[in-house]
Amino acid sequence: MARGDLKLIGLRPSPFVNRVQYALNLKSAEYEFIEEKFGSKSELLLRSNPIHKKVPVLIHSEKPLCESLVILEYIDEVWTSSPSILPSDPRDRAVARFWAAYIDDKWYPLLKEIRMAQGEEAKLAAVQGVEEGLGLLEEAFENISKGRSFFGGDSIGYLDLAFGCFLGWLRAVEEVADIKLLVGEKTPQLAGWAERFCSHDAVKGVMPKTEMLVEIAKILQAMAKAPSPPS
Amino acid sequence: MFGMRVQIALAEKGVKYEYREEDLLTKKSDLLLKMNPVHKKIPVLIHNGKPVCESLIAVQYVEEVWKEKYPILPSDPYQRAQARFWADYVDKKIYDAGRKIWATKGEEQQAAKKEFIECLRVLEGELGDKPYFGGDKLGYVDIALVPFYSWFYAYETCGKFSIEAECPKFVAWAKRCMQRESVGKSLPDPHRVYEFLLQLKKRHGLD
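Going down the list, the sequences are from chains A and B.
FYI, numbering that gives the first Met the number 0 numbers position 105 of the first sequence as 104, with every residue one higher than the one before it.
FYI, numbering that gives the first Met the number 0 numbers position 196 of the second sequence as 195, with every residue one higher than the one before it.
Please keep in mind that the hints were generated in silico from the structure rather than gathered at the bench.
It is possible that some hints are incorrect.
The calculated lysine-lysine pairs, modelled on DSSO-like cross-linking and capped at a C-alpha distance of 27 Å, are [claimed, not checked]:
(1) B:91 x A:111
(2) B:91 x A:122
(3) A:62 x B:136
(4) B:201 x B:27
(5) B:129 x A:52
Some chain A residues near chain B, calculated using beta-carbon distances under 8 Å [said to hold, decoys possible]:
(6) 61
(7) 62
(8) 64
(9) 77
(10) 89
(11) 90
(12) 92
(13) 96
(14) 100
(15) 101
(16) 135
Each residue gets a CB set at the ideal place from its N, CA and C atoms; glycine is no exception.
Generate coordinates for the entire structure from the input sequences, incorporating the hints supplied.
As structure tokens, this is what we get:
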């Protein structure tokens with residue numbers, strides 16, 4: 000296990016921050032959580048991530064690392080104890096990275112769009128997109144897990160972390176928008192996987208409660224509808 | 000330009016491959032649709048019949064499979080994370096900023112030019128005094144970024160400005176990369192790129 004002090008700058012409701020927390024927990028790496036205040040950015044954050052000014056930022060022995068998926072690969076390379084986060088085979092790694100990129104670039108923005116959409120048509124289009132994505136991911140799960148519990152096999156891996164971090168928000172959006180997205184009848188494998196992921200030791204103490212996320216979702220919706228203050 | 004990234008990586012590793020050109024202005028081939036059903040986009044690297052999609056993922060795949068020859072990523076985990084961060088920055092910023100230069104007019108275009116130059120300046124800062132982003136030799140970030148150089152003439156002509164005048168260090172770096180056979184052979188002639196862009200604009204009613 001690598002030494003060196005470890006700090007994580009984050010916001011507890013952020014799924015991207017949660018991703019890193021789960022990974023650190025998987026590796027039994029101890030870290031100090033530095034909570035940002037919602038709506039303002041600390042000096043430390045701005046200094047550590049001057050380019051994007053966003054969380055999460057992992058600071059390892061005073062050196063900052065940004066972008067959650069980049070941080071996941073770093074954690075895996077430095078904390079070499081098992082379980083491994085990324086698969087060992089280059090093709091499997093490429094597949095995991097492909098789906099993680101799809102989730103971040105296409106699927107999650109659609110999930111957010113359901114919450115933020117102004118108008119029924121936009122909302123329905125986003126719902127359709129999310130459901131299509133879940134269908135693709137169901138198929139991917141079948142191909143990748145090969146009958147085991149997680150995308151990573153018997154233990155949680157890169158793609159579990161990349162996707163699983165959004166499960167809390169998925170449930171919150173379902174409640175706020177009054178719809179069901181992840182449904183056992185449509186995507187049985189994902190439904191089973193989601194339960195296993197959420198109850199995993201590395202996850203359950205950290206994943207934000209749905210009620211909290213619902214409250215935040217409502218605040219964000221209200222803020223989006225309110226006229227912009229003069230800058 | 001994303002396909003060029005994979006071509007450079009394969010060339011540096013000395014890996015032989017068959018190149019299949021897609022016609023970006025007409026129909027997508029059956030092979031492409033079969034190999035990349037999710038995004039239906041190039042590049043797709045097909046190795047032993049199985050596809051690898053997304054250019055940076057394909058570059059990392061090439062790096063990991065042909066690992067003995069010409070390492071593209073550094074060996075130190077922190078340096079690797081930095082390289083991945085900056086390649087991600089290129090993906091998030093450069094394509095869109097460049098695209099807005101040729102796809103817009105007037106005030107929007109002026110704003111796009113400003114944004115583009117700002118991004119190049121940030122990258123110049125990261126390059127510092129090094130000959131390449133990878134240090135002494137071409138690395139992951141260089142490979143991710145240099146293909147955009149082939150579009151500079153198109154951006155400059157559409158935007159009526161000189162990128163070299165604004166970012167001489169950046170252009171010097173690009174020219175240095177072009178000296179390498181892998182890059183020189185993978186990047187198309189900038190005038191051909193401009194011709195292609197004119198056709199693309201026409202097709203989308205943007206001229």
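Item checked: Numbers of unmet hints, in rising order -> Per hint list: single violation, 6.
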